[in-house]
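Protein chains: 2
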Amino acid sequence: MRVRIARGKRIYEGILMPGVTDHLVIKLDNGYNIGLKRDKVEILASWEEKGVNRPPDEKPGYDPSLPDLVILSTGGTIACRVDYRTGAVTSQFTADEILKAIPELKEIANFEAEVVYNILSENMRASYWIELARKTFDKIKKGADGIVITHGTDTLGFTAAALAFMVRTPVPIVLVGSQRSADRPSSDSTMNACCAAKVATSDIAEVVCVMHGSTSDDFCLIHRGVKVRKMHTSRRDAFRSINANPIGRVSYPDLRIEICGPHLKPGDVEPALYDGLEQRCALVKYYPGADPEILDFYREKGYRGIVIEGTGLGHTSKLWFDPIKRLVDEGVVVVMTSQCLYGRVCDRVYDTGRDLLKLGVIEGEDMLPEVALIKLMWVLNREDDPEKVSQLMKTNLVGEITDSTDIFGGF
Amino acid sequence: MRVRIARGKRIYEGILMPGVTDHLVIKLDNGYNIGLKRDKVEILASWEEKGVNRPPDEKPGYDPSLPDLVILSTGGTIACRVDYRTGAVTSQFTADEILKAIPELKEIANFEAEVVYNILSENMRASYWIELARKTFDKIKKGADGIVITHGTDTLGFTAAALAFMVRTPVPIVLVGSQRSADRPSSDSTMNACCAAKVATSDIAEVVCVMHGSTSDDFCLIHRGVKVRKMHTSRRDAFRSINANPIGRVSYPDLRIEICGPHLKPGDVEPALYDGLEQRCALVKYYPGADPEILDFYREKGYRGIVIEGTGLGHTSKLWFDPIKRLVDEGVVVVMTSQCLYGRVCDRVYDTGRDLLKLGVIEGEDMLPEVALIKLMWVLNREDDPEKVSQLMKTNLVGEITDSTDIFGGF
Numbered sequence: 014m015r016v017r018i019a020r021g022k023r024i025y026e027g028i029l030m031p032g033v034t035d036h037l038v039i040k041l042d043n044g045y046n047i048g049l050k051r052d053k054v055e056i057l058a059s060w061e062e063k064g065v066n067r068p069p070d071e072k073p074g075y076d077p078s079l080p081d082l083v084i085l086s087t088g089g090t091i092a093c094r095v096d097y098r099t100g101a102v103t104s105q106f107t108a109d110e111i112l113k114a115i116p117e118l119k120e121i122a123n124f125e126a127e128v129v130y131n132i133l134s135e136n137m138r139a140s141y142w143i144e145l146a147r148k149t150f151d152k153i154k155k156g157a158d159g160i161v162i163t164h165g166t167d168t169l170g171f172t173a174a175a176l177a178f179m180v181r182t183p184v185p186i187v188l189v190g191s192q193r194s195a196d197r198p199s200s201d202s203t204m205n206a207c208c209a210a211k212v213a214t215s216d217i218a219e220v221v222c223v224m225h226g227s228t229s230d231d232f233c234l235i236h237r238g239v240k241v242r243k244m245h246t247s248r249r250d251a252f253r254s255i256n257a258n259p260i261g262r263v264s265y266p267d268l269r270i271e272i273c274g275p276h277l278k279p280g281d282v283e284p285a286l287y288d289g290l291e292q293r294c295a296l297v298k299y300y301p302g303a304d305p306e307i308l309d310f311y312r313e314k315g316y317r318g319i320v321i322e323g324t325g326l327g328h329t330s331k332l333w334f335d336p337i338k339r340l341v342d343e344g345v346v347v348v349m350t351s352q353c354l355y356g357r358v359c360d361r362v363y364d365t366g367r368d369l370l371k372l373g374v375i376e377g378e379d380m381l382p383e384v385a386l387i388k389l390m391w392v393l394n395r396e397d398d399p400e401k402v403s404q405l406m407k408t409n410l411v412g413e414i415t416d417s418t419d420i421f422g423g424f
Numbered sequence: 014m015r016v017r018i019a020r021g022k023r024i025y026e027g028i029l030m031p032g033v034t035d036h037l038v039i040k041l042d043n044g045y046n047i048g049l050k051r052d053k054v055e056i057l058a059s060w061e062e063k064g065v066n067r068p069p070d071e072k073p074g075y076d077p078s079l080p081d082l083v084i085l086s087t088g089g090t091i092a093c094r095v096d097y098r099t100g101a102v103t104s105q106f107t108a109d110e111i112l113k114a115i116p117e118l119k120e121i122a123n124f125e126a127e128v129v130y131n132i133l134s135e136n137m138r139a140s141y142w143i144e145l146a147r148k149t150f151d152k153i154k155k156g157a158d159g160i161v162i163t164h165g166t167d168t169l170g171f172t173a174a175a176l177a178f179m180v181r182t183p184v185p186i187v188l189v190g191s192q193r194s195a196d197r198p199s200s201d202s203t204m205n206a207c208c209a210a211k212v213a214t215s216d217i218a219e220v221v222c223v224m225h226g227s228t229s230d231d232f233c234l235i236h237r238g239v240k241v242r243k244m245h246t247s248r249r250d251a252f253r254s255i256n257a258n259p260i261g262r263v264s265y266p267d268l269r270i271e272i273c274g275p276h277l278k279p280g281d282v283e284p285a286l287y288d289g290l291e292q293r294c295a296l297v298k299y300y301p302g303a304d305p306e307i308l309d310f311y312r313e314k315g316y317r318g319i320v321i322e323g324t325g326l327g328h329t330s331k332l333w334f335d336p337i338k339r340l341v342d343e344g345v346v347v348v349m350t351s352q353c354l355y356g357r358v359c360d361r362v363y364d365t366g367r368d369l370l371k372l373g374v375i376e377g378e379d380m381l382p383e384v385a386l387i388k389l390m391w392v393l394n395r396e397d398d399p400e401k402v403s404q405l406m407k408t409n410l411v412g413e414i415t416d417s418t419d420i421f422g423g424f
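As they're listed, the protein sequences go chains L and C. The C-terminal residue of the first sequence carries number 424 in the working numbering, and the numbering is unbroken. The C-terminal residue of the second sequence carries number 424 in the working numbering, and the numbering is unbroken.
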């Protein structure tokens, strides 16, 4: 067990030696042992011996009074700069360079930085999500006080949802991106990164996304990872909580966190990694005239789950009923969500919905279509029994289904 | 030629007999002829003899001082009532019954009512849109002062867009629906119908959608048909203008129209019917892990146009590049839109976008994905030359592309 201990104004750090006396014995990093009277000291932190956040002796600027965060970089605009020859934005920064570019971060926490990917996030895929979940959980196990993941904004919401299902976390896992690269005057990199780091030191033990909350540089919103969606191609406040209030906000530049709603705290859930996603799942958008054979295409390819983005309360044309029946008959799980995005699916109101329920379609409640897809990928990886899959899809697991959408939603 | 003529406070209506004297001779509906001195009368209206708005003699309550509207009913909740045995909502009202159920309508206009369909709107399809466009244009040709189309809300936006491309109109074409059936206390049927009828008597010579603008019964919004989207499964103010301001609003119950933005007026465009849609067009949503073979599926089925709902500024995974290239190489038109819905596609910012442009993908500007789909169906029905198709897709035709999205948008 490694500990950080305060005695008066002095901070000591090292390995706590076994033994029960009125003195704690700490083996310092320089090799010497020190004995400190138990009732004169305060234990600031303790973690497993091989903690990732163990500051190497040679690392200057380590501040033992600050939390230890891990910043995992996956690419995206927050790691980009403009190529002024072409006007185009290319991914160039590593996590370490982000830390150098944003010196304010060092006032918030100590960072260990690691590059996991350097991709534009439209190239994310399930196998990357799984790898990222494992990496994240590993850093948590090694004692990180919080994880910051820098990510392209395009699919940041998808990754947040994937991590939320795969990692049950005792510390904050904060995804952050930027809509304008760091060398543009309107860049949101610094503010988003600082707010994200601050949230990563908080007691919000969930997967969240922290991004600009307005078009000004005044606050970021803390969105639950399973309830957030990129809703604008270019605005800095593109991310919105859908069918839920944000968990809170972070004022800038004073980085004060205001909590707006309930959230998990350290200890609320047992830390766990449930890595694995069934990749034979598809999201299919219905629209008038949409070819019903698309459903047969997936069935014939051996897909195990289909999420339909239906109209309104969760509808499709009658012409889709037969191929839906063929899917269900072959054991494919079909979940209905709505392309309205806001609001809850309810297939008990109209004939169409009742017919779909009779066919075996599962109502996706108020889940975003993409979140329902990722949940289905996760559930089907862990469960075969159709009845149990159906039950799990309709049950709130990590905040993806809210009890009452009407009073929430920022619509 | 049928005319309605005022002489002092008396109104006469009948067929204008040929002849050039200082008297107009009108054959009244009771068979008698009447001669009226030309300089003593005012011609209030004139239309083709078999005018749809010709009030049958037996029709009591025809008010010649009011405009003549046609109400076309297609089904949907506005024509529904709750079955209290099951709690379900079924489509039961005809257009005439809607008129009877909402007596306030008769204070706004005279109505001719006709049932075109009686379906839940998720069952709409391109052939129905074409038939509805023809019916609408026919009513306009026959002298209607405005058209009200009652429609299910699920795909109301799709139908509005389809009509906007197919019908160039000198009078308002107003789509209206309701989110709660007429026999529920919270029903929006009456207010929406009255506001829609009022807009149908206005000088907004466009296809618009009129629906609740707030959760109260205080005003409806007038949305441009090519810019509107159902954004909530159940709320009465589910419809939102995306990347555009609403054209205006109608206060309730005083039915005062306030115009918020520019709109076409009678005479601005030549009335025309461009009926026809290429049905071999598809909307495909990209998401991480989306199967690239879905594009080959459409190519092999002989589709002529694909609208991709990409991420962010208009992106897909690199894994989609090859099948996109195969589509373009075979002459299939590929248009990029964004699943963000709000904001404009721009494929010149990131590597991914530039690669897509090189492959021949067309930027869908700030069009909604579903509107881009319907526009592509319309353009491909009229144009074969890929260069011209591309040019038309990037050109604003009926308000579907706005010059500046940032200052608009209600985001």
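Derived from the structure by calculation, the hints contain no laboratory data. From the three backbone atoms N, C-alpha and C, an ideal C-beta is built for every residue, glycine too. Treat the hints with care, as some may be off.
Unchecked claim - Quick look at which bits of chain L chain C covers, simulated, 3 or more residues with Cβ under 8 Å: (1) 110–120; (2) 177–190; (3) 220–234; (4) 317–329; (5) 354–361.
Which of the numbered hints are not met once you compare them with the structure shown? 1, 2 and 3
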